Amino acid sequence: MPEGAFFVIMVTKIVVVFGLMLLSVTYLTWVERKVIGDIQVRLGPMRVGPHGLLQPIADGLKLLFKEDIIPQAADRTLYILAPAIALIPAFISFAVIPFGDQIRLFGQTIDLVIADVNIGLLYVFGVASLGIYGIVLGGWASNNKYALLGGLRSSAQMISYELSLGLSVVGVVMLSQSLSLVEIVGAQARIWFIILQPIGFLIFLICAVAETNRAPFDLPEAETELVAGFHVEYSSMKFAMYFMAEYANMITVSAMATTLFLGGWRGPWLPPVVWFLIKLYLFIFLFIWLRGTLPRFRYDQLMRFGWKVLLPIALVNIMVTAVFVALR
Amino acid sequence: MEWLVFVPLAVMALVTATLVIVLRNPVYCALSLVGTFFALSGIYLLLQAQFIAVVQVIVYAGAIMVLFLFVVMLLDLGHELPAWLQRDRPRLLLGVGAVALLLLELAIPIASNSSRAPQGPYTSEVVGAIGNTQLVGRLLFTDFLIPFEITSVILLIAIIGAMVLARR
Numbered sequence: 000m001p002e003g004a005f006f007v008i009m010v011t012k013i014v015v016v017f018g019l020m021l022l023s024v025t026y027l028t029w030v031e032r033k034v035i036g037d038i039q040v041r042l043g044p045m046r047v048g049p050h051g052l053l054q055p056i057a058d059g060l061k062l063l064f065k066e067d068i069i070p071q072a073a074d075r076t077l078y079i080l081a082p083a084i085a086l087i088p089a090f091i092s093f094a095v096i097p098f099g100d101q102i103r104l105f106g107q108t109i110d111l112v113i114a115d116v117n118i119g120l121l122y123v124f125g126v127a128s129l130g131i132y133g134i135v136l137g138g139w140a141s142n143n144k145y146a147l148l149g150g151l152r153s154s155a156q157m158i159s160y161e162l163s164l165g166l167s168v169v170g171v172v173m174l175s176q177s178l179s180l181v182e183i184v185g186a187q188a189r190i191w192f193i194i195l196q197p198i199g200f201l202i203f204l205i206c207a208v209a210e211t212n213r214a215p216f217d218l219p220e221a222e223t224e225l226v227a228g229f230h231v232e233y234s235s236m237k238f239a240m241y242f243m244a245e246y247a248n249m250i251t252v253s254a255m256a257t258t259l260f261l262g263g264w265r266g267p268w269l270p271p272v273v274w275f276l277i278k279l280y281l282f283i284f285l286f287i288w289l290r291g292t293l294p295r296f297r298y299d300q301l302m303r304f305g306w307k308v309l310l311p312i313a314l315v316n317i318m319v320t321a322v323f324v325a326l327r
Numbered sequence: 000m001e002w003l004v005f006v007p008l009a010v011m012a013l014v015t016a017t018l019v020i021v022l023r024n025p026v027y028c029a030l031s032l033v034g035t036f037f038a039l040s041g042i043y044l045l046l047q048a049q050f051i052a053v054v055q056v057i058v059y060a061g062a063i064m065v066l067f068l069f070v071v072m073l074l075d076l077g078h079e080l081p082a083w084l085q086r087d088r089p090r091l092l093l094g095v096g097a098v099a100l101l102l103l104e105l106a107i108p109i110a111s112n113s114s115r116a117p118q119g120p121y122t123s124e125v126v127g128a129i130g131n132t133q134l135v136g137r138l139l140f141t142d143f144l145i146p147f148e149i150t151s152v153i154l155l156i157a158i159i160g161a162m163v164l165a166r167r
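Protein sequence lines, in the order shown, are assigned to chains A and B.
For the first sequence, position 41 matches number 40 in numbering that gives the first Met the number 0, and the numbering has no gaps at all.
For the second sequence, position 56 matches number 55 in numbering that gives the first Met the number 0, and the numbering has no gaps at all.
Next up, chain B with everything else stripped away, as it sits in the complex (with noise of 0.2 Å):
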């Protein structure tokens, strides 16, 4: 049953990520993107992981690719890239070595058999009783409270330097 809705969803996340780098127009490139990021919030839902899948839209396609379309609409690229974001061998060769390398680290543990990974203390019975939302939360402030503080850290220094840099 699973799988019903699983390869409709991870097709469409292949497909719409594939025509972010293909289509020419920056404005459809920047729609397919929100088209992935529909079918990963499909494939949390999936998970059970309703709180994420939500999330997943309101801050990615709702506010972060806004405010991407946003630029790209003010920039005004049209349908042509400009010169030195045009293709280019080097920049090409990077790209490929770096998606092989990727693929690599994901084939191992593919190959090595992975469902026999030992199985964690949050099973789908497990969430339902607590609540995904609230699981979510407990987890954040308890078990991942110093990567949760760092993440936030670098995400304020990040705001302050976009603040230095628009100021100049």
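Isolated chain A (complex conformation) (with noise of 0.2 Å):
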């Protein structure tokens, strides 16, 4: 392929899932407000447009142009970065998440995906254990009691359940033997990995919803206690990044969960996109149904179920995929 059309290719894209993942995000607080609403039998937005669905763009203008206050005792530059920090690392792990086959187009084959790394896996983890810092900087840089509380709070949560989230694949890289998140759906060929490693998923599934901060793991954010968590002084366009990026990696979680456990864009009848983004939408609507469904955890008991029930399912999974892997 010339050097050329490999960087059209390339940044194209770059360009298009971008592009879409924006539109998402700024579909999924409409899709959010609908499907809760619907949950607790009322309408959700109707006035703008039909059914609400100029909502999001009303919503993202009137963000744009509110007042953009900044504490006087904050920490001006950590507090300006912060939701920029918390946002990029959502939106960049896409990147080496497959989201269908090879196909040709202008006689060229293009890979849909953005990056074939052969440690995509690992990219993902790596990239979303940085968001944290997003968080934990906004919560104290706002010099607010509960802004610091919220932060901290987060940081404990997301470390204590990321160690099972880690844990948790480890079964499907076992089965794979692979790092690469393209050669993890090409395992899946015959057999999707939630039948294989069910226990795996379902770990997967919970850490993913604390990772995310949702319902029913949201106490970075819990309103009854905190007023509303770290994000407690942000207004104007850096609340909206924070919102941005919760909405982003329910996203790329959602993703996650479809290529390593329900076999990524595989399926049959209909084009592999159309498949990885059914997946998608699956998840996205199990997340939002949950915080529709479940009332919050209390902060003992989500510590003592990260560290004494998940984790230790999690690494007897393991043994037990070991045994399998290396008895076949």
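Since the hints were derived computationally from the structure, they do not count as laboratory data.
Since this is a predicted model, take the numbers as computed values, not measurements.
Yeah, the Cβ is synthetic: ideal placement off N, Cα and C, and Gly gets one too.
To give an idea of the interface, some chain A residues facing chain B are shown, with a C-beta separation under 10 Å as derived from the structure:
#1 Asp-74
#2 Thr-76
#3 Ile-118
#4 Gly-125
#5 Val-126
#6 Ala-127
#7 Ser-128
#8 Val-135
#9 Gly-138
#10 Gly-150
#11 Leu-151
#12 Met-157
#13 Ile-158
#14 Gly-165
Ranges of calculated distance between the beta carbons of each label pair, as one might list FRET restraints:
#15 Val-58/B x Gln-176/A: 19 to 25 Å
#16 Ala-99/B x Gln-107/A: 57 to 63 Å
#17 Lys-61/A x Pro-146/B: 55 to 61 Å
Reassemble the complex: the two chains are provided individually, in unrelated frames, and hints are given to aid placement.
Structure (structure tokens):
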């Protein structure tokens, strides 16, 4: 492939994925409000556009034009940087996730993944673990007790659940003998890993909810005790960036669950990209459903559950899988 | 070509490492150290050690430094170090002495032209053929099994020690 074509294809892929991601993030707010509304037997947004379809745009414009307030006692540099630190990892981890098979376009073979790295799985974990900084630093830089407590809580929570999250996918790595997400999808040609690794899948799912700070693990922003949590001082676009980071993380985690356990873009009849999106949105719907259904954990319950339940189960799961892989 | 990536990374590593000890605010110090880890990770990538590079980010930048920040924020060290950590002469001399020794140690092999050192069996081609992660794993569980196990036992002891101290 000539150098120029490679460059054009790469840039196109990045722009398309990034654009779709932004669009999804915007409209996920609408989806979430509609689904939650339905669960609570009300209509949700209805006024702006048909069925409130223009609501995200109205919200976005409103946030953009709001006054940007920086508390006087805040650490200005970090206060401004923190939302960006939260947002960037949320978006760049999608780079290694394959969203379709190879396609042929204008005589070129194009892989439907931005970068097939041989350590793709670890890359996602590495990038995701950096997102914590955005939250911790935002909480600290605001110079507000509630914000600090929210930030500290979230760092403790995310580190605790990151462990089980990492261990839950070791089984998948052992079965597929690879850390590349493209090869992991390839290894699921015959059978999806959700069938071979049901326990790993469950642990992954629970930890994923905890990692994205969503209900029932949304302690960093428990309104009832912390006012709003780490972002209590944030306003305008900076607040919006935290919001976008949360939704972008939701998309990334759903994409990871799809790739690792549901065979990625594999599926009969429909084109691969469509299958990928169906599975992705299935997980996102599950996330919203959970939020509409479950009450929030108490902090000690959360920690006990993470360390004393999930972690041992994940370890046992690894051992059992190792025995089976060795005997195979 | 390699220099184009290496020099900025090396400069970044040195600058951020210096900032760790120069800056006044402990939170900024911790963040500078994160910057150092990133620069190191980049250098590992340059050496085709992708696995080590990512593990560096996951373990050091993603977990250990977050815990450091956690402690710094909880202790609320503010902008000034406590009195017992302020500069005092014996400590300073000790530090300078240790650094000088380390530099000497590094300078000797560089001065005696280490580029003529024998080449190991793991060239870029070999690593590329077997796969970086696979190679690290294989070596850890064969040639370096005993050091690897000893390290894990030491870590285990440290964890148990932390538990015992925390319970007191």
